[in-house]
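K.L.:
Going line by line, the protein sequences match chains B and Y.
Using my numbering, read the first sequence as starting at 1 and increasing by one per residue.
Using my numbering, read the second sequence as starting at 1 and increasing by one per residue.
Bear in mind the hints are in silico, worked out from the structure with no lab data behind them.
All the pointers check out, no bait thrown in.
Just the calculated beta-carbon pair ranges, DEER-fashion:
#1 428(B) <-> 194(Y): 44 to 50 Å
#2 102(Y) <-> 389(B): 33 to 39 Å
#3 194(Y) <-> 420(B): 51 to 57 Å
#4 436(B) <-> 64(Y): 22 to 28 Å
Beta carbons are placed, not taken as given, at the ideal position from N, Cα and C, and that holds for glycine.
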Amino acid sequence: MTLFGIAWRNIRQRGLNSALTVLSLALGVALVVATLVTGNVVQQAFASGTGLGYNMIIGAKGSPLQLVLNSVYYISRPIENIPWGVYEEFLPANRRDDGRDGRFASSTAVAVPICMGDYWQGYRVIGTNAAMFDRLTRGGGRPYRFAAGRNLRDENYFEGVVGAAVAARYGMKLGDEFSPTHGADDGPKHDPFKLVGILERTDTPVDRGVFVNMEGFYLQDGHAKPIDDDKPNKPAEPGSGQTAEAGIPVDVGGTKPLRKIQREVTSILLETASAAGLLPELTAMGVRTAINEGRDAQAALPIGEIRQLLDLFVRPLELLLLLITAMVVVVSAVGILVSMVGSTLERKRDVAIMRALGARRGHVLSTVLVEAVLLAVAGGLAGWLLGHLLVGAIGPWIATNAGVSAGVLSAAPQAELLLVPFIVGLAILAGILPAVAAYRTDVARWLQGPG
Amino acid sequence: MDAPSVISLSDVRKTFPVPGGEPLTVLDVDRFEVAGGEQVSLEGRSGSGKSTLLNVISGILRPDRGSVVVDGLDLTRFNEATRDRIRADKLGMVFQSFNLLPGFTALENVLVAMSFGTGRPDRSRAESLLASVGLAHRLSHRPAHLSIGEQQRVAVARALANRPRAILADEPTASIDPAHQQQVIDLLRNTCREQGVALLIVTHSPEVASQFERRIRIEDFNRAARAGRPEATGGRPEATAGRPEATGGRPATAGGGRQ
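This is chain B alone, in the form it adopts within the complex:
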């Protein structure tokens, strides 16, 4: 029999004891793996800017992080709104009343306005236009796709599309109507929007978004900016014949849009283009500097803010979690030690028999260490599998609540690989004491009879 065979027999001999030791270690390792994998997935999603098809966010002055959290992740509250005029600075001449290119038009590849402040069933309602899904990408050049239906059409004011998580949770289907509420879930109800599209799952915060045509959004109570002029502070009635302002789509149903002067946007998602003779990075820097020097808005770089968020909060938190879970593994390793030391007396007699049969001290030392390592490997493997199953089980919850994708196959390869020598090392440490006790077993004493 090999050392492994003998060690395996010893483990089986103390079946329940061994099983409980393995279970305890497996639970500890599962926690560590789940923490590592989830942390890694979240970090990667944040750090690589997964789901971002733009490189800058323009919003009200204030905390750039809050702007990013609000505009990218649909968490935290909007800072304030910015004037419609800021948005127009990114538009070409044909979409402006003055017939001239906006100040940043030449540096703009795509600029998508978003308006926030409404909710539907706890999800953020985002007023935007068709460019959100037509011209922005999910990041990495991947376009948005619809699992059912189609994108918003700018000329259909009361249409909406929803992210995959929203549709799945409420079993929504095309043609359903939904009425956002103003300011909070229990706020006043707005007009209904008709669902025309359900997005494919993107594993980004978009999955948790309810998107409506911003023209329809503007026409809801409380969404028009009060102005001091003699014109009525409410949308024009359908069929009133009012001419649309430049760049404002005309509703096929004849609903009059809100006047530009009454409009604000919460933020603008901007993908910069290369201005003539400039590298894209320099263009972005120029736009950012120009906006930040102005009084109306700020420009935030989402990737930079997210990295800062990670460095400030997520990584320390992850480290703390990791420390706690590592302690759990250490406690489990102590379990191995206790289990093996507990059987030392029982083991001594067996060791004495083996030594009398010719086993070298090295044999018995190795056998006990191999036994500890086998227990650790079994617990480690079981824990590793369990950890990934755990991530798979909570993956949908993470995707829904954090907008990042985590599944059974998600991994944190480097950290997980480090876990292997860590556990084996711990097992060897835990095995040393009983191994040395076995090594020093006094054969003559343990075999002696009364004569």
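Once you have looked at the hints, place chain Y on chain B.
P.N.:
What follows is chain Y alone, placed relative to chain B:
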């Protein structure tokens, strides 16, 4: 002595330290030999050094002086690891009580012993050894599921695992009811005879001892035992110091002690 010695001790002395006192001499033997294929019973009162003698012969204990030659190899010249290997290869051990490894099946108990020798564990030989002691149908049974007699048969098969030159049996019938004692003795003697293996059996039983052609008492060749001091067994003098001596001793028979 017709056959050459398979076990040969000369001028062997073994003492044990006593806390705060003079070292206790347990073994003081000028000469002791067992020939190849010979069967010897060894008697002696409790604490007379029988187990220490077996431990010295098997290399578990190293004497303070003298030579212990097993199949031509002087154990005193080797380190512990080499003595262990020699023990695994040259000697079979049968202990009193059951002393099988409880977590291992009958077959595995034999295979374990093989794994400590220089050869590779040979499953078919292990099976045939167990078959030769009448346990072909009990290979996969653990000791707890074997009768006491069956356990001792496994122990005999295990002792023969590495084709030893001699078997050292330390009171192999001590824990067995009288009805089964004779079966174990017959098994040991017959198996050793068939395999050409020498047998040195320590026993307290005159009935057992009387069956051997060569029946010796340790007091006949161990000066330390003759001195009548309370002595240690198994390398633990303090454990037996002051222990009342056994009364089962018998006078040495003719031919005892090849000195």
